[in-house]
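Engineer: Each chain, written out:
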Amino acid sequence: METWQDEGFILSVRAHGETSAILTCMTPGHGRFAGLVRGGKSKRLAPVLQLGNQLDLRWGARLADNLGRYDVELNQARAAGLLSDPPRLAALRAFCGLLNQVLPERDPLPAVYHAAVAWLDLLPGPHWAEGLVSFELGLLQALGFGLDLTCCAATGETENLIYVSPRSGRAVSAEAGEPYKDKLLILPDFLKGLPPRPRQARQGLLLTGHFLEKHLCHANNRPMPEARLRLMDHFYQAEPSADIEA
Amino acid sequence: MITDVERLIQLMAKLPGLGPRSARRAVLDMIKRPEANMRPLARALLDVADRIKPCEICNNIDTHSPCSLCQDPRRQADALCVVADVADLWALERARAFRGRYHVLGGTLSAMEGRGPEQLNIDSLLRRLQADAQDRPVREVILALGATVDGQTTVHYLQDRLQGFDLEVSVLAQGLPVGGELDYLDDGTLTLALQARRRFGQN
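Chains as they are written, first to last, in the working numbering: chain W, 4 to 249; chain A, 51 to 253.
Chain W extracted, bound-state conformation (with noise of 0.2 Å):
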């Protein structure tokens, strides 16, 4: 028999049966890991098996290649708070559905949990958004596809950068990218250390969109969650007519 212990969130609930789900948690010590709850819809389960909550999880099966069962236990509800919130909770949904479709299963990555621990608690607070896109900057380097934003690509500078290329993941200075600027992606100020400006998160979600797209959604032939896309037309609500200049 083998059983495990450990923290996680919720990534995706699935019914099973008429009374069971199957749960994808992400965990510290096992990663992405899923398994089947008993009663998972049940009244007493189905409020604790939110998106985004965290729970204490006990894992068992017969042999370890099993999907095998977990019993829950809730230990900080999540989505509730969100449920009136339209933007945080399409970030919420978007953040969840990345991480289920692009993390490996079973392969433990406890920075990027940890990482993810620490947006789940900026949720609630008004800088989530540049939050996630620094979360998503990183879950790129953690799994091998890291842009380098600390120089110029074509110069070798380090100072005025505000491009990104979409194709190297490198910035670009201002002078450099003038005669391409259309084809750019905007570096935001926040991820070069200064304070976020009004705009500038959509900016960012858009620069780490086309990387997510391009090296982990489009890689494997699969498309860009449609949460995460949803999450976008949140942003172009809001500011139908924004500029999105630099």
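It should be emphasised that the hints constitute simulated quantities derived from the structure, not laboratory data. Where hints are given, some of them may not hold.
What the hints assert, rightly or not - Interface residues of chain W toward chain A, partial, derived using beta-carbon atoms under 10 Å:
no. : residue
1   : 31
2   : 32
3   : 92
4   : 96
5   : 103
C-beta: ideal position from N, C-alpha, C; glycine also.
Following the hints, complete the assembly by docking chain A onto the known chain W.
Structural biologist: Showing chain A alone in chain W's frame:
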């Protein structure tokens, strides 16, 4: 080779809420009283199987279209309750708390199950509201969807789509269930109940 009775038990056992043991009990009971239970059940099953169809107006299921709820002249035409499934419509009808009309979406937006707005009856809802705007205007749309991440995501999506209409959009309250004791409630429900608290004596 299985007998006809065994086949019947197997088919019954596939129904929700019934396992092989309870299916066997149900079949045995029907066999003992064929005139009282079995034949009327078989006739009712055939009748419904031949005539069941979704309502062309609200997507409820009935043996005729428009369904009996849409045809009922006593129901309020100015209040429309949007539900995810027919089971939710039946639950509201059981409670007898709503006397308006319904619209069944056919589910909620769900990334996991690959259900986007195109898979739901949202366009038909908008067409219905546009058509009703002329002669029997709907004044309130109640979004009666579950207090889940998918349910509330659907609520937010519908709120956006309904912005162009001259009507009030309301959602169901969330919080303490009747008979619920604080000690036994999950943290999420308690959080929602606190967030949705109201001044004492206010409706």
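Engineer: Each hint needs a verdict: does it hold in this structure or not?
Structural biologist: Do the hints match the structure? See the list:
1. The interface hint given for residue 31 of chain W is broken, as the beta carbon of that residue sits about 21 Å from the closest beta carbon of chain A, more than 10 Å.
2. For residue 32 of chain W, the suggested interface contact is broken, since its CB lies about 24 Å from the closest CB of chain A, more than 10 Å.
3. Checking residue 92 of chain W against chain A by beta carbon gives a least distance of about 6 Å; that is within 10 Å, so the hint holds.
4. Against a cut-off of 10 Å between C-beta atoms, the interface hint on residue 96 of chain W holds, since the closest Cβ of chain A lies about 6 Å away.
5. Because the closest C-beta pair between residue 103 of chain W and chain A is about 8 Å apart, less than 10 Å, the hint holds.
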